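Taken in order, these protein sequences are the chains called A, B and C.
Residues in the first sequence are numbered consecutively from 1, following this note's numbering.
Residues in the second sequence are numbered consecutively from 292, following this note's numbering.
Residues in the third sequence are numbered consecutively from 723, following this note's numbering.
It is possible that some hints are incorrect.
Stated by the list, open to error - In silico BS3-like cross-links for lysine-lysine, where the CA-CA straight-line distance does not exceed 25 Å:
(1) C:K1038 with A:K262
(2) B:K465 with A:K262
(3) A:K275 with A:K74
Derived from the structure by calculation, the hints contain no laboratory data.
Fair warning: this is a prediction, and the values are worked out from it, not measured in the lab.
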Amino acid sequence: MNLTPNSLCSSGHRPGRRRFVLQLMPLLPALAAAPLLRPLAARAATSGSEAQFSPWIQEAERVLRGRSSAAVMKMHIQRSDYQRSYDLMVMSDDRAEPGKVLIRMLGPALWRGNATLKVGDRISFYDPRSRRITVMGNSMLADNWMGSHFSNDDLMRETDLSRHYSYELLQRNKDRDELGRRVELLQLLLRPKPAAPVAWGKVHYQLQLLEGSADPVVLPLQVDYFRRPEDEKAQRSLRYSQLKPLDGRVLPSRLTMQALDKPGEFTQIDYARLKFDSDFSDDDFSERALR
Amino acid sequence: MNMLAHRLALRNLLRHRRRSGFTAAIIVITLALLTCFQGLSDGGHQAMIQVGVRMGLGHLILSQQGHAQDPSLERLIAQAPHALEQSRAAAGSLARHVVPRLRFSAMAQAGAQQIAVTASGVEPALELPVSGIADARAIIVGHPLPVSTAKASPGEAPARTGLPPLVLGERLAKALDVRIGDRVTLTVKPLGGGEFARAAFELHGIFRTGIQELDAFWVELPLEAAQGLTSAAQGVSHLALYLEDERQLAALQQQLQPLLEARAWEAQAWTQAAPELNSAVAMDAAGMALLMVIVIVVVVAGILNTVIMSVLKRHREFGVMLALGSSPGLIVRVVLLESLYLAGTSLLLGLLLGLAAHWHFATEGLNFREVFGTGLEAGGVLLPERFYSLLKPLKLAGVATLILLLTLLVSLYPAYKSGRLKPIEAIKHHA
Amino acid sequence: MSTIYRIAWRNLGRNAKRSLVTGLGLALALTLCMATLALMDGLSQELIQGTTECEVGHVQIHEPAYLDSRALRRTVPADPEALATLRIPGVQGLSPRLYAFAYLSHGSRSAGVQLMGIDPEHEAAVTVLHRKLSQGEWLAALPTPWREAQALDAQQQATDQALTEAAIARAFARLEGRSQAASAAGTPAQRQDPSLALAEQLAPGPSRRPGVVLGAKLAANLGLAADAQGRWGQTLGLLVESAEGVQSHLELEVRGVLQTGLDHQDRSRLLLHVADLQKMLQLPGQAHEIALRLAAPAQADALSAELQSRLGEGQKVQSWSQLRPDVLALIAANRALMGTLVFIVFLIAGVGVLNTMLVSVMERQRELSLLKALGLAPGKVLLLVIAETVLLCLAGGGVGLAAGMGLSLWLQLHGLDVSGFGEFSLSGVGMAPVLRGQLSIASAALPLLMLILISLLAALLPASWAARLTPAAGMRAQ
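Could you put together the complete structure from these sequences and hints?
Following this line, the structure appears as C-alpha cells:
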C-alpha cells in the first residue's frame, strides 16, 4: 500500500496578527476601563462580542511573548513512563513577516547546544556534536515538542484562541490575585466558529483584569481545553501562576500544562528571565546564530 | 462415390444409436465441462486481480510524469475536470470507471492528539463503485462520504456543523479518540510553499478494511475540500482507470498512448504497482494452461477410446464390405467421416451446453462463500462476493477445433487399418 | 472364488486390446487427477510463499499498541535470551526489526525516510529481502563498532549542572547585551567541548559511518549513483530523534541500493543494521517487530496462538493472515478458484473412466450371454464382471498411481519452467518461474478412491443388465 506516514511535521506562523494588534493597542486601556464605567446591567454576557474579548484574549496569549522577546526558561516534563528537565532559551521576533523563532537548548548534556531556528516555514536544526545544520524544507515534525505536552504550534507559533472562536462571558467577579492585588476575574466561554480549523470543541478561558495600572492589564489565569462542546471534563488545562516581575512587568512565570486524561502527566515551564522588545537583527535569526 | 461414403457413415452412426448416442453424450459432457473450466479459470483470475486492484489504485494509473517517482503536490495533473473528460473519451468503452484522486501527507488533529496520516481527496460518487473504503460494507460506524454535496439524500446523515465531511480508519479513530460528528483538523504544507494550511472537518464515518496501514493512517475527504486545503486549484495526483475486463489492459494502454504523449503523463499498470500479485496470477495462469492441456489430452483419449472400440467391433462388417467389392479407400473414408460427424455434432452440442453454463456463471457468478463454505471472512471487503466466468470466443473456438482435429488424427490409424483388412481374415476372426 | 478370478484374468488377457485401452484410460485419469491436486497444492504454496517471504514472514510479534501508533518506545525484548525463548519447534528463523522516521539529506536534497533496522543474517533466514539488492553491496553482517553508553558519575553530573548554569548565565548576558554574540568565555566551539564530552559519554556515536542500503527511488531522488567503477560509498546526513528524545545528526555511508518493486518502500526506506539503529534510538536489546519463519506455513495460526500463550499479555503475536488480510483474501480467492477447477477436472476424469468402463462392458454383451448360455448363473456373471473390473482397476490404478506419483514428484523436485509464458519479474527481481507440485497422501488417495468407485459403478449397471438378458437375445445383440 502506498503509505509514507511522514511524521516529521512543522507548524507555521499566521500573518496579519501584528497589524490587528497594533490597530487595537490604543483601544486597550479604554476597553479595560470600560467595565468600571458601565452600569452593571450592561456588563451582562453577550455572545460573540468579539470586539471586546478577542483583543483581551490576544493580549493574554501574548503576555509572555510580546512583539519580540527573549526568554530563558526551565521545562519539566512528567509522563507516565519517563520524566525530563530541560533548560532552554527562546527568542522570538514577530515584528515583521515572516515571524522568527530561535530555540537553543542550554542543558542537560545530551541536548546542550542543540538549536532550532524557524523562519517562516523553513526550519533549521543544529547539532553541536556533528556541527551540522540540517534544513528541513518540506517535512513535518512530530507533534509534541521534545516529548512535552506543548505542541510545536504552542512553542513556535502563536495560538489562534483570539481568532477562530466566538466569545461569551460566563462569569465575572472581583477577587484578589496571588500577590493580593485587586483584580477582576473573567471566565469566558470560547466556541469555535463554524468553519474554524481548530481542534478543540470548547475552551474555558479565565482572565485576570488588573484594575487601572500601567502594566499589562490582562493576564491569563487558566485555560481549559475541551474536546467536544458538550464535554464536562477538559482534556488539557493550562495554568498560569507564580506572578513575578519579569522585565519590569508583573507576569506569571510558571505555566503548567496538565493532561487531564492522563492523570499525573504534566509539563511545567518556569521563566527564569524574560526580556521584551529586544531589537533583534536579521543576523540573530540566521543560521550562523544557530551555532 | 463421395455421397456414398457420407451416407454410409451416417447410416452406421444411426444404426448403432445406443453406441453413437453414448459416445456423443460423453463428448458433449466433457466439452461442456472444458468450457466451464476455461471460463471459470479466466474469471477466477480476474477476481483475484480485483482483490489487489480494489485496495490498490486501479487497473491503470495516469499521473504527471515524474509523479510516480516522487509523489508530491509539485507534480499534479492540472485541470482535473478537463483531464477527466479527455481520459474518458480516449479510453472509450474499455474503461468502466475513471476516478480522480488527490493524495497528500497531512497531520490529523483532534483535541490534543495529533497523528501523521495520508489523506486522499476523492469524488464520492465516482469512488463508491470502485473503492473498498467507500464500500458500504467497510463503513462500520456512520456513513461514507456523501455523494451529493448539495443536500443529504435519504439514508445519509446531514452534516451537523456545516463542515466538510471526512472518513477515517477504525484504528485511527481510536488513536485520535474521535466519534462521529467530532471536529477533526488536517494540517498540510500547501502547494507553492508558505505557511501551513489547516482546515476543520466533521467526522462522517469510520471504516474498517482489515488492512492495518489503512485503518490506522488513512483519511478520505471530498476532492474539492482537499484541493482547497492544499491550494492545488484543480489539480489531482492521478486518474485511476478501472477496466471492465482486465485482459484488455494492453489494449487500453495502446489506446491512451497519444493522450499520454500530448499531456506529458505517464501510465502505471497494476502489474507494476502490485508486482507480487501479478506474478502470482501469472503463475496461476500458467498452471491452469498446463492443466488445460492435460484435460484436452484426456478428452481426446476418451474420444479415441470410443473410436477404437467401435472400429474394432466392426472388422467383420468391413471385411464383408471389402469382400463385396468396396474399395479400401471407401472404408477409410467411412471411418473418418463417422468420427467427423460424431465428433462434430457432439462438439457443437457440447459447446452449446458449455456456453449455456458459461452464461449462467457469467451472469450469476459463483458465490465464494456458498460454494466453499469456509469462513472466508478474510479481508472483509476485499473479497469480491462472487466470481464470474469469462470466455474468449476465439480461444474457445480454437480449443474445439483442436479437439476436432485431434479426433480426426486419432481416427486415422484405425481407419487406415480398417482399409487394410483382409476380408477373409476379418470375417473369420472377428465374429 | 479363485476360479472367478482366474477366469476374469484370462478374459482380460484374451481381449488384450480392449483391456489395454480400458486400463490405460483408467491410468490416465488417475494420473491426471493426482497431478492436478499436486499442482494446485504447489501453486497455493507458491502464492503464500511469494507473498510472505518478501517481508511479512509467517508470524510477527509486536508490543500490543505498536502498530497503531508506531511509537518508538513501544518495543519488545530482542536480546539473545528473548530470541532464544522464541525458537519453539516449528520456527525456522526469526528476525528482530526496528523502525523509525528520520530526515535524510545529501547535498542540497533531502527527504523524510523510514529507517528499518535488520540483522542481515537473521533476516536472511526469514525473508528474501537480500535478494532484492539491485546495486552495490548488502549490509555487513557485523554492526558498526559503537562505544558503550555510560551514565555520568557524581562528579560529572556536578559538571553538567555547572555547565547548565554557565549556559544560563551566558543566556542572561545575551539577553542584556542584546546582539553581543561572542563573550570572554571563548568561542562556542571551545565552550562546548566539556559539554560534548559528557554528551558523548551518555550517547556515544559510532566509530565509523554506519553502512546503509537505500530504496532505489530514494537513491534516485537524492541524486545518488554509483561511480564509474560501480562503487557507492557516498556520505549521507541523517537527523534522527531517539526514544529518549535526543535529536542528533549522524553521517551514514551508502553501501547499496534495494529494489523491492513496492513503491513506498523504494521511495522512503533506508536499511541499516538493527544493532546500529538500537544505538541510534537508544533502545538497547529491543525491537519493534520480530518476524518469524516457520517450517510449515500452514501452521502459522496454530503456532502464533501457542507463542501468544507463552509470551502472555505484554506482546502480541499475529500470523500473516491477520496482518495481511489482503493477502489472505487473495489466497482464499485462489483456493476457491482452484477448488472449482479441481472439481471440474475430477468430473472430466470421472466421465472419462465411466466412458471407458461402460464401453468395455457394453461391448461384451455377447460374451456374457454366451457364458450364461453355457450355464453360468446370473449372479456369477455379475461377479465375473466385478472381478474383471477390480483386476483392471488394480492394474490400471497401479500404473496410474505410479505415473501420477512420478509426475507429481518430478513437478515437486524439478518443476515445470514456464518462463515462456509471460513476464516473471517478481517485484522487479528476475526469477526463474517454475511450477512446482506438492505431493501428499491426500493427493494420491482421493483420486484412487474416486476412480475405484466410479469404475465399479460403471461396470455394475450394464453388467447386471446384461446378466438378466436371455442368452439368445444377448448373443444376437451386437
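Hint check results:
{"no.": "1", "hint": "C:K1038 with A:K262", "verdict": "holds (24 Å)"}
{"no.": "2", "hint": "B:K465 with A:K262", "verdict": "holds (16 Å)"}
{"no.": "3", "hint": "A:K275 with A:K74", "verdict": "holds (15 Å)"}
Comparing the model with each earlier hint shows no violations; every hint is respected.
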